[in-house]
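Novice: Now for the letters of each chain:
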Amino acid sequence: MQIIENLKVKEKLYIEKFANGLTVMIIPKPGMKKKYMIWGTNYGSNDNKFIVPGEQEVTEVPNGVAHFLEHKLFEQEDGTNSLDTLTALGVNANAYTTNDHTAYLFECTDNFYEAMDELMDYVQHPYFTDENVEKEKGIIGQEIRMYDDYPDWRVYFNTLTAMYHENPIKIDITGTIETISKIDKDILYKCYNTFYHPSNMAIVISGDFKPEDILEEVKKRLVENKPSGEIKRIYPDEEESIVKPEIVQKLEVSNPIYTIGIKDVRKENQSKSETVKKALSMEILLNLIFGRSSKLYQALYKDGIIYGEPSLDYEFGKNYAHVLITGMSSNPREVYKAFKERVEELKNNGINKEDFERLKKMIYGSYVKEYNDVQDIARMFLSDYFKGICSFDYLEEIEGINVEYLNQVLKDVFKEDKMVLSIVENG
Amino acid sequence: MEHEIKEIKKGIKFHTLNTDKFKTNLFAIFLTTKLNRENVTKNALISMLLRRGSKTMKTQEEISKKMEELYGASFDCGLDKTGDNQVLKFYIEGINDKYIPEHNENILKTVIESLLDIVFNPYVENEGFKKEYLEQEKNNIKQRIEGKIDNKARYSLERAIEEMFKNEPYGLYKFGYEEDLESINEKDLYKYYNELINSCKIDIFLSGNLSDDVEKIIEENENIKKLQEREPNFEMPKIPEKKEVKENVVTKSMDVSQGKLVIGLNVNIDNDEEKYTTLMYNSILGGSANSKLFQNVREKAHLAYVASSSYYRFKSIIFINSGIEISNYDKALEVIKQQIEDMKKGNFSEEDIENSKKGIIAAINTIDDEQDTGITYYFGQELSGSNVSEEDYIKKIENITKENIVDIANKVQINTIYFLKD
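Just so you know, the sequences run in chain order A and B.
Note that the first sequence covers residues 1 to 427 in this note's numbering.
Note that the second sequence covers residues 1 to 422 in this note's numbering.
I should point out that these hints are in silico values taken from the structure, not numbers from a laboratory.
Be aware that a few hints might be false.
[Stated by the list, open to error] DSSO-like cross-link-like pairs, simulated, lysine-lysine; straight-line CA separation at most 30 Å:
1. A:Lys137 to B:Lys337
2. B:Lys21 to A:Lys8
3. B:Lys65 to A:Lys295
4. B:Lys357 to A:Lys33
5. A:Lys135 to B:Lys421
6. A:Lys33 to B:Lys331
7. B:Lys98 to B:Lys174
8. A:Lys302 to B:Lys42
9. B:Lys42 to B:Lys55
10. A:Lys302 to B:Lys395
11. A:Lys353 to B:Lys55
12. B:Lys98 to B:Lys138
13. B:Lys191 to A:Lys302
14. A:Lys337 to B:Lys58
15. B:Lys148 to B:Lys331
[Claimed, not checked] Computed footprint of chain B on chain A; a stretch qualifies when at least three of its residues, placed anywhere within it, have a C-beta under 8 Å from a C-beta of chain B:
16. 353-363
17. 367-374
18. 405-415
[As the list claims (entries may be wrong)] Computed spacing ranges between beta-carbons, pair by pair:
19. B:Asn248 to A:Glu216: 32 to 38 Å
20. B:Ile5 to A:Thr129: 54 to 60 Å
21. B:Ser257 to A:Gly400: 47 to 53 Å
22. B:Lys395 to A:Arg221: 46 to 52 Å
23. B:Lys109 to A:Glu344: 40 to 46 Å
24. A:Thr129 to B:Ser389: 45 to 51 Å
25. B:Glu135 to A:Glu341: 21 to 27 Å
26. B:Glu220 to A:Lys219: 42 to 48 Å
27. B:Glu351 to A:Lys190: 57 to 63 Å
28. A:Glu114 to B:Ile364: 17 to 23 Å
29. B:Asn387 to A:Arg221: 40 to 46 Å
30. A:Glu399 to B:Ile239: 55 to 61 Å
31. A:Glu246 to B:Ser211: 41 to 47 Å
32. B:Ser183 to A:Val248: 34 to 40 Å
Glycine included, C-beta positions come from ideal geometry on N, C-alpha and C.
Put together the whole structure using the sequences plus the hints.
Specialist: Written out as structure tokens, the structure is:
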């Protein structure tokens, strides 16, 4: 077992890779009553086209299969549902799907090993029938409709549609009512057998545990698996250009909601350290441009054009990266114009050293805060792991960032021809 | 975790939660005042205005820069409706000095002093709030009030509450009313602020790895010294009066793709102890994935993705929430009503009871593991005038029987059915 210690937050990560390829990460939290376990597979809504190990031809599945699988995995052959079983143990169980991974989890204070029995049993034993697949379509249909009524979700997905031509990141994670109608049990089994192999999965556990003990407990519950070959995932080529500069949707909202998107290029073979530094720099930059203390935010707030701070995000995965700035405004086009002007001004004048040092401290602090809660810790380590990153790296790499580097990133990413504006407004 | 309370002055309490579990220290100030139509908008405005600047940090920009300098201390405000009270909440979460690169700063002391300054020493010009700030925050509040419709599920819940508590304080919208804004000016509002600050209930919370001098820092702070003793003007939760209600059905059309169904229930309890039983009742009805609503509305009838209920103990009410196909309204309502009836008849198992107990006890056990949950728990106790330790809470839950729950089920009445459709 490898041990990585971080002296800044004073935490340790124990990491082990089993012979079948499964990675297990343990972050002990002595003194905490809460315990958290999450089991993820590197398979999300982006993985719709692939070659099954050992096969020649390409498999293409309808949008929304990864999420559908997440719902159905709880179903057991004896007619029970694992979500019920886990809830009955007094644990808080759940699952979620993102564009690059699907995860099954529970949080508890008591009955940890009983819950582990159930979690590890249901994730390893799928049971799909025509009937239970059909039934789920009604439930997921209502989940899709629920998202249709969320203006925030619409403005987000519309931004992706305006930025990406082919990249599957622009597909709704749930699929649509039309695409899920095509899902059947054979498709689910095929995707399960391809992507739920231990070599494509990772477990993270955090709580008051001895790492050696917990590792043994995990091992005991693993079913045997034949080694599997590499899954070939096929992602369409994506042009660097955007699709369209503006996208507008009408919904019943009090004030317009906007997202400014900036499409970034993910460099091939970017080193782990480079990836982390880039992400940290983007966080510093976004706060510098539009954070609570920024000139732009102060000016727009005073003029009553924006009401609260916009959310500032830099999202990235294996084959995409983009900026998302989302907020509510009486005049989104005005916000967009002022934003672009501020970016140009910063490019010309360079970044102020004092602002830079202050925001660097702030971003450092925001990473320290992630280590308060077993859930935040476990989820962060899992999602970073599937991006090829160890979460501790953020705390270490931030020191190496300087103003020159930041100025360079500003010039590389904040290009006007890569920006889009998405608006949801009344009408 | 040790929870200690010290009354600094009459009506002003300092609560400490000393623990070394966290990387952060959380400092919070809660101002609690009676909810009423006259002051609701003013209180909301004050909660927004105080963020804008103090006498020592005159602008929002200065406050933000200071927070960023403290390794991203996060300054946050909230406005809550708790029972018949309006609660103005202010927080700063700062990193514990142990986890920053240089150990020569005293972040906690700066955090405490900054928040006391923001809340009790606002920026004032000509014996009033700054006019410019007030105008901007009026605009902001207006947007919050109008923004009620943006989240359709939340909107339906707010509307159901308004219907259930017509002409009562709890039916008021916590951000107030647009028509009040025009007549509020910076001088009168500042005068009102001084009344509020010297009459409201003040609770100061500090959770984290605390040094011995924190009490001194607070007590010797100039802003604390100038506060008067007071008979705090707030409302303790009461056992609600029993009244015969007729099912009130309200429907409204909006541009939605999914119907949002909210059902408000009265729970006519006779004493405080029954609140624990009501918590159990709610858990079995719609509080978890094993609940009757989740199992029957979602898993068996496939009518919804969301089918749940939540208990508002300060008002002894329960809200059932569900998002359904608009054409399935009758079917969904029938299934939901059936669950309420089944509860009355005792159609639930000992296993349901055991499972619910486990879930509730697990939630109580995590109170100490989350800084904000700890504060919320003890503040809830403070407001209801009770002092139930986590151990006693667990015991009360463990002792609840099926008979108790059926008894509560028969005290449940449907008050309002609210349906948002296209």
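Novice: Can you name, in rising order, the numbers of the hints this structure does not satisfy?
Specialist: 6, 7, 10, 12, 18, 19, 22, 26, 27 and 31
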